[in-house]
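Engineer: Here is what each chain is made of, one letter per residue.
2 protein chains.
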Amino acid sequence: MRYELHYWPGIPGRGEFVRLALEDAGQDYDDVARGPAAAGGGEGALAAFLNDVDPPPFAPPVLVAGALVIGQTANILLFLGARHGLAPKDEQGRLWVNQQQLTLADLVAEAHAVHHPIASSLYYEDQKLAAAQCARHFRTERMPKHLDYFERILAAAGESGAGLAGEALTYADLSLFQVVRGLEYAFPNAMRRLSPRIARVLELAARVERRPRIAAYLRSNRRISFNEQGIFRHYPELDD
Amino acid sequence: MRYELHYWPGIPGRGEFVRLALEDAGQDYDDVARGPAAAGGGEGALAAFLNDVDPPPFAPPVLVAGALVIGQTANILLFLGARHGLAPKDEQGRLWVNQQQLTLADLVAEAHAVHHPIASSLYYEDQKLAAAQCARHFRTERMPKHLDYFERILAAAGESGAGLAGEALTYADLSLFQVVRGLEYAFPNAMRRLSPRIARVLELAARVERRPRIAAYLRSNRRISFNEQGIFRHYPELDD
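These protein sequence lines map, in sequence, to chains A and B.
Its first residue numbered 1, the first sequence is counted upward by one per residue in the numbering used here.
Its first residue numbered 1, the second sequence is counted upward by one per residue in the numbering used here.
Pulled out of the complex, with its shape left as it was, chain A reads as follows:
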């Protein structure tokens, strides 16, 4: 079975967490909105799909897996993790990885709110003053708190621990890689200052990047670069 991923074509966004899991699992998928218009590609076709598919999702990404139509990033990953060995099989491990993914999702939402603190419907330029205030708190309070937390989880695993859930890599580790690279893109100065105290987090991101399927994916044109329409945006004035 070939998966269908439905997500905005121009940004890595939340779709990227799903892509990383599909790529690491070696699964075939159509990134539908990025394909030709004749095959349902483009933003207009995506909007129509989101409105017409049954049951309707609130927002993308959406994964179509045979008869299943699955929305919400962490929910899609819960499904893919169980199906493709990217999460522990036991209840405790499965819940723990879901918990880590939801904590990462909170950080992702906060990273987006930095440049859109008033409303996602307004341009960044129309909320720059609030964004600058928000960014200061994010860089000095929230980013350190979140990254210190993941560093602590990895430290507790000791030498044997490969990732957030122990020896076997999970979809939460793949997501942590994307979050680290996103924060490095958006807040290079802040990340440079934090780097000495999050050595394990950075090493995990590097290890994910070296996985053969991930390395091949990152070199391919399937990978979308970070940019100023996505979640992680580099506005130098927000990273002093």
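Do not rely on the hints blindly, as some may be mistaken.
Distance windows between CB atoms, simulated [said to hold, decoys possible]:
| # | chain 1 | residue 1 | chain 2 | residue 2 | range |
| --- | --- | --- | --- | --- | --- |
| 1 | A | GLU125 | B | ARG210 | 48 to 54 Å |
| 2 | A | ALA215 | B | ALA216 | 53 to 59 Å |
| 3 | A | ASP28 | B | GLY66 | 39 to 45 Å |
| 4 | B | ALA109 | A | GLN229 | 18 to 24 Å |
Chain A is nowhere near these chain B residues, computed Cβ spacing over 10 Å in every case [said to hold, decoys possible]:
| # | residue |
| --- | --- |
| 5 | ALA45 |
| 6 | PHE49 |
| 7 | TYR124 |
| 8 | ARG152 |
| 9 | TYR185 |
| 10 | ARG192 |
| 11 | GLU203 |
| 12 | ALA205 |
| 13 | ASN221 |
| 14 | GLU228 |
It is worth saying that the hints were derived from the structure and are not from the lab.
Where a beta carbon is used, it is the ideal one built from N, C-alpha and C, also for glycine.
Following the hints, put chain B in place on chain A, whose structure we already have.
Structural biologist: Positioned in the frame of chain A, the structure of chain B alone reads:
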């Protein structure tokens, strides 16, 4: 087995979504931080617990279920839903209810951000101007978009549908009840204006409220009222 719920003692907050599931399922639980100091009650003891428990959660609520220590609201509900018949048993239904819960969680986070758009570490009084702007967009764009979505899901279920996942009530329905009551508390004017177009959502909330265990719970002193330290806060200037 008696569950332990660990959450801030003074607010309904995200802990309330867990309480509603435990109460509807008729499960015994200790709401630990609300208990006497001798039994680990109080905010200081909660902070110490969150720091010491293994594995550490990023934030409360935390549910202790025997040897399991589970964090993140939607993750706790995924666990309780499967264990106590508050979610479908099949994969498709289970994923759908999790998806609905995560969409509700996004709405809850947005409702909190209305009064804290700059930083959760600042007082509301220090971000009132940004909050007023944020509230206008929330009331006129985000609240309608979210509530229209849930209305549409319920409408698609037709006459037979009792809730977001069909005939059998799920933990997502209990959470929708809490969100509706919270929005009515925080934004009574905005909710009054929206009410004609979300009749099914309001009727579902009323039906949840009439369930015998929920009705008994709401009359008990275990239920914490909405207040201005929680997620849903009534600031009249944010609801014109």
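Engineer: It remains to establish, for every hint, whether it holds in the given structure.
Structural biologist: Against the structure, the hints:
1. A:GLU125 with B:ARG210: 48 to 54 Å: Holds, since GLU125 of chain A and ARG210 of chain B (Cβ atoms, about 49 Å apart) stay within the stated range.
2. A:ALA215 with B:ALA216: 53 to 59 Å: holds, 58 Å
3. A:ASP28 with B:GLY66: 39 to 45 Å: holds, 41 Å
4. B:ALA109 with A:GLN229: 18 to 24 Å: holds, 22 Å
5. ALA45: Nearest chain A Cβ is 21 Å from ALA45 of chain B, so the label holds.
6. PHE49: Label holds. Min Cβ-Cβ 16 Å, cutoff 10 Å.
7. TYR124: holds, 14 Å
8. ARG152: Nearest chain A Cβ is 7 Å from ARG152 of chain B, so the label is violated.
9. TYR185: Its Cβ never comes within 10 Å of chain A, the nearest being 22 Å, so this holds.
10. ARG192: holds, 22 Å
11. GLU203: Nearest chain A Cβ is 20 Å from GLU203 of chain B, so the label holds.
12. ALA205: Per Cβ check, ALA205 of chain B is outside 10 Å of chain A; nearest 19 Å; holds.
13. ASN221: holds, 30 Å
14. GLU228: holds, 21 Å
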